[in-house]
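Protein chains: 2
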Amino acid sequence: MAQQTRPARGMRDFLPEDVRRRDYVIGVITSVYERYGFEPLETPALENIETLTGKYGEEGNKLIFKVLRRGEHESSGETDLALRYDLTVPLARVVAEHRGKLPKFFKRYQIQPVWRADRPARGRFREFYQCDVDAIGSTSPVVEAEMLAAVSQVLQRLGFTDFTIQLNHRALLTALLNAAGIDATRHATALVAIDKLDKIGRDGVRDDMVARGSSAESATVCLDAFESPDAFDRLVAQEEGGAAARQNIAQILELADAGPARGHVTLTPRLARGLSYYTGAIMEVAVPDLAGSLGGGGRYDGLIGMFCGEEIPACGFSLGLERILVVMTERAMFPEGVASAAADVMMTQFEGEPIDDTLALARELRDAGLRVDVYPDADKLGKQFKYAAARGVKFVIVAGADERARGEVTLKNLVTGEQTAVPRGRVVAAFRPNVSDS
Amino acid sequence: MAQQTRPARGMRDFLPEDVRRRDYVIGVITSVYERYGFEPLETPALENIETLTGKYGEEGNKLIFKVLRRGEHESSGETDLALRYDLTVPLARVVAEHRGKLPKFFKRYQIQPVWRADRPARGRFREFYQCDVDAIGSTSPVVEAEMLAAVSQVLQRLGFTDFTIQLNHRALLTALLNAAGIDATRHATALVAIDKLDKIGRDGVRDDMVARGSSAESATVCLDAFESPDAFDRLVAQEEGGAAARQNIAQILELADAGPARGHVTLTPRLARGLSYYTGAIMEVAVPDLAGSLGGGGRYDGLIGMFCGEEIPACGFSLGLERILVVMTERAMFPEGVASAAADVMMTQFEGEPIDDTLALARELRDAGLRVDVYPDADKLGKQFKYAAARGVKFVIVAGADERARGEVTLKNLVTGEQTAVPRGRVVAAFRPNVSDS
Numbered sequence: 021m022a023q024q025t026r027p028a029r030g031m032r033d034f035l036p037e038d039v040r041r042r043d044y045v046i047g048v049i050t051s052v053y054e055r056y057g058f059e060p061l062e063t064p065a066l067e068n069i070e071t072l073t074g075k076y077g078e079e080g081n082k083l084i085f086k087v088l089r090r091g092e093h094e095s096s097g098e099t100d101l102a103l104r105y106d107l108t109v110p111l112a113r114v115v116a117e118h119r120g121k122l123p124k125f126f127k128r129y130q131i132q133p134v135w136r137a138d139r140p141a142r143g144r145f146r147e148f149y150q151c152d153v154d155a156i157g158s159t160s161p162v163v164e165a166e167m168l169a170a171v172s173q174v175l176q177r178l179g180f181t182d183f184t185i186q187l188n189h190r191a192l193l194t195a196l197l198n199a200a201g202i203d204a205t206r207h208a209t210a211l212v213a214i215d216k217l218d219k220i221g222r223d224g225v226r227d228d229m230v231a232r233g234s235s236a237e238s239a240t241v242c243l244d245a246f247e248s249p250d251a252f253d254r255l256v257a258q259e260e261g262g263a264a265a266r267q268n269i270a271q272i273l274e275l276a277d278a279g280p281a282r283g284h285v286t287l288t289p290r291l292a293r294g295l296s297y298y299t300g301a302i303m304e305v306a307v308p309d310l311a312g313s314l315g316g317g318g319r320y321d322g323l324i325g326m327f328c329g330e331e332i333p334a335c336g337f338s339l340g341l342e343r344i345l346v347v348m349t350e351r352a353m354f355p356e357g358v359a360s361a362a363a364d365v366m367m368t369q370f371e372g373e374p375i376d377d378t379l380a381l382a383r384e385l386r387d388a389g390l391r392v393d394v395y396p397d398a399d400k401l402g403k404q405f406k407y408a409a410a411r412g413v414k415f416v417i418v419a420g421a422d423e424r425a426r427g428e429v430t431l432k433n434l435v436t437g438e439q440t441a442v443p444r445g446r447v448v449a450a451f452r453p454n455v456s457d458s
Numbered sequence: 021m022a023q024q025t026r027p028a029r030g031m032r033d034f035l036p037e038d039v040r041r042r043d044y045v046i047g048v049i050t051s052v053y054e055r056y057g058f059e060p061l062e063t064p065a066l067e068n069i070e071t072l073t074g075k076y077g078e079e080g081n082k083l084i085f086k087v088l089r090r091g092e093h094e095s096s097g098e099t100d101l102a103l104r105y106d107l108t109v110p111l112a113r114v115v116a117e118h119r120g121k122l123p124k125f126f127k128r129y130q131i132q133p134v135w136r137a138d139r140p141a142r143g144r145f146r147e148f149y150q151c152d153v154d155a156i157g158s159t160s161p162v163v164e165a166e167m168l169a170a171v172s173q174v175l176q177r178l179g180f181t182d183f184t185i186q187l188n189h190r191a192l193l194t195a196l197l198n199a200a201g202i203d204a205t206r207h208a209t210a211l212v213a214i215d216k217l218d219k220i221g222r223d224g225v226r227d228d229m230v231a232r233g234s235s236a237e238s239a240t241v242c243l244d245a246f247e248s249p250d251a252f253d254r255l256v257a258q259e260e261g262g263a264a265a266r267q268n269i270a271q272i273l274e275l276a277d278a279g280p281a282r283g284h285v286t287l288t289p290r291l292a293r294g295l296s297y298y299t300g301a302i303m304e305v306a307v308p309d310l311a312g313s314l315g316g317g318g319r320y321d322g323l324i325g326m327f328c329g330e331e332i333p334a335c336g337f338s339l340g341l342e343r344i345l346v347v348m349t350e351r352a353m354f355p356e357g358v359a360s361a362a363a364d365v366m367m368t369q370f371e372g373e374p375i376d377d378t379l380a381l382a383r384e385l386r387d388a389g390l391r392v393d394v395y396p397d398a399d400k401l402g403k404q405f406k407y408a409a410a411r412g413v414k415f416v417i418v419a420g421a422d423e424r425a426r427g428e429v430t431l432k433n434l435v436t437g438e439q440t441a442v443p444r445g446r447v448v449a450a451f452r453p454n455v456s457d458s
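If you read the sequences in order, they're chains A and B.
Going by this note's numbering, the first residue of the first sequence is number 21, and it counts up by one from there.
Going by this note's numbering, the first residue of the second sequence is number 21, and it counts up by one from there.
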């Protein structure tokens, strides 16, 4: 009996055109990050389960894919491994493990899939790629500014002009919550509520904050401050840490203004970011026609310490490949030729004709940099032409008995219909303008 | 308390130099496969568990990483997903699922990790990359010949000259086993024994075959035939299917001779290949200084039918990235510059000097294609130089108060020690010979 052939729930097969589009975006991201001095890092898909648990909050914990122990332990139902849930926790582990080998200021990018057992929805998958940059080892605002510049340049090179980057600081939010009289023990849950402001609105957040133990008055003070930058500034300035955080944000904004982020970054008091490990600046990038963000990040000076016992400052930004692809597809932003045809040339085959000469010519064309397909069976010529045309292959080469007798091949352009007799020794030269140097 | 920071057992972190070496090899493989008209495909890391079970034999089944069901089912200890074990079974599923969208002759390459809970050993990991090419839809010997050519060209472009490709045919082995009087029901286990000939030797295989129910006489007939090509040819020629298989192999060898595989391929009667799904030609590539193979493959005309109910011919070859890397590392085969420094230039920073001008110059250099790092803190200049040198960065730019006053920057070559004053407006031009076009 035939088996189920669909991919698992929330997962996707990427056919050649999909892979080429994804690789194009990944190529742009990689190239920009390299120019900013970030280096590539890769970590295993599977981590020891205790590396991941307790890092993503209660909700996150439920979404981790856990792997059953093997062999004699399989029947116990116990798990010992888990699939990577993000790229930040593995980075923290790597920095702690390989500190001796890594430079003091380790700047890495990492573009790999992560897995979350979320309910699948439009643009939300259970396997998806994160494209992360992180800079370890410095508390300088240059780090945040460079990150904002790199992310901006990625988006600009992909063709985005209308993105906005919201910037805020965890210490400003702490100062605001203090000023509003919310007890420190309730800050984390208050931030989770505030993080949903764009989704559930002002009343929703207020109700949520009250349900989580803040007073209605305190919640109102916060929500009012999000609507008035002046009120926000006034409230945070009088609290401990507020002035320093405001100063840090001012420096980041000034430095970001010297680069490609200029005009895209705004201080946004209501930006909270869900994750609990942020300690300083937080950032999120969005475009008008996509609900949610294209990516986000921030400073997390405490996380690596959980792995190595010593506090090491760090700041990172993660772009969501799938979300970028959704917007680029809807806006038709891919350059022509990205999802190119499978081959530049197809060699035909005739029943009874020597194939080794065909393969030898294919080899010459390949050595010249062309992508060459060889039709594998000696079907009727019309059928072979139709196959090449359907696949978008532009040129077809025919070398039947007549052509061979004359020491020629026939080169047919399937787009124009033009057919040329080319001496066997000059076929590669005939393609010269199409030959790439790669 | 600090947490465990090692990667999970049998898994590895790839630091920047490792990633760059891996990416170099993957780049060569991709580029050659593209020139042979293969197209990229990617499938999810997780498959429904029933897609994988029953495809890899009893031993294989034990090595599959299985994922626990989630939510309310978690406590049941049941599993519903499993990690990709190879790239061939997912391909068969994809071909069955997407047949309407794929060309009749679907040629794909796929370079992705697979996971096997094998006992870790030198060069054997629990997460490793397979680099597969497969051609679906044709029984023509051109398919095998093109595959041998593509694999040979990959190895040649990586710098291998001493590889050998063993070629055999499952129908020749069937004919031999029949001629030796081994019952058809014992063929599969006999092949598993024969596959170990290089590892356990002639006596070991004979004992194993006898233990699995073949007679000692039959086993000896087979083992003798492996040492005498003439005896092998004589025995198989008289059996059903033997002559046709011999003819098929002769065609493949002749066609392979027209391309880069010339001189590397030899008919090897003892080559058996472990997997049960092969139906025609089988192949394996090796180099003298590595036990085991760099990769292998063959024709499997029945596997896709398990998913779509209709027999669809297919042939594939898989190169093992880790094994290629092991040999290339031992032989020092990587071209210079593959594991390059993190950056071409590093910008220094001074306490109290404006950083925005430094960032603006970094931007100009990046726009010109250079990889530019910015030292994040205003440490002592000597410390900044030392850091750049330790990381292999060749050029450092200093723009202190004196330089700024003269409208210049100092460009220092850390390799030669040479120091040049360059007008601020001519810095990019000073790098022109080093500027890449990428």
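Any given hint could be a false lead.
A pair counts as met if it fits within one copy or between any two copies, since identical chains are not told apart.
As the list claims (entries may be wrong) - With a straight-line Cα cutoff of 27 Å, these simulated DSS-like cross-link-like pairs (lysine-lysine) come out:
1) 82 to 219
2) 432 to 86
3) 121 to 400
4) 124 to 414
5) 75 to 124
6) 121 to 403
7) 432 to 121
8) 86 to 219
9) 403 to 432
10) 121 to 216
11) 403 to 82
12) 86 to 414
13) 400 to 82
14) 219 to 432
15) 432 to 216
16) 216 to 124
17) 82 to 432
18) 82 to 414
19) 75 to 400
20) 121 to 406
21) 406 to 75
22) 216 to 75
23) 121 to 82
24) 86 to 75
25) 432 to 124
26) 82 to 124
27) 414 to 216
Source of the hints: derived by calculation from the structure; they are not laboratory data.
Self-check item: Indices of hints not satisfied (ascending)
Solution: 2, 8, 10, 11, 12, 13, 14, 15, 16, 17, 18, 19, 21, 23, 26 and 27
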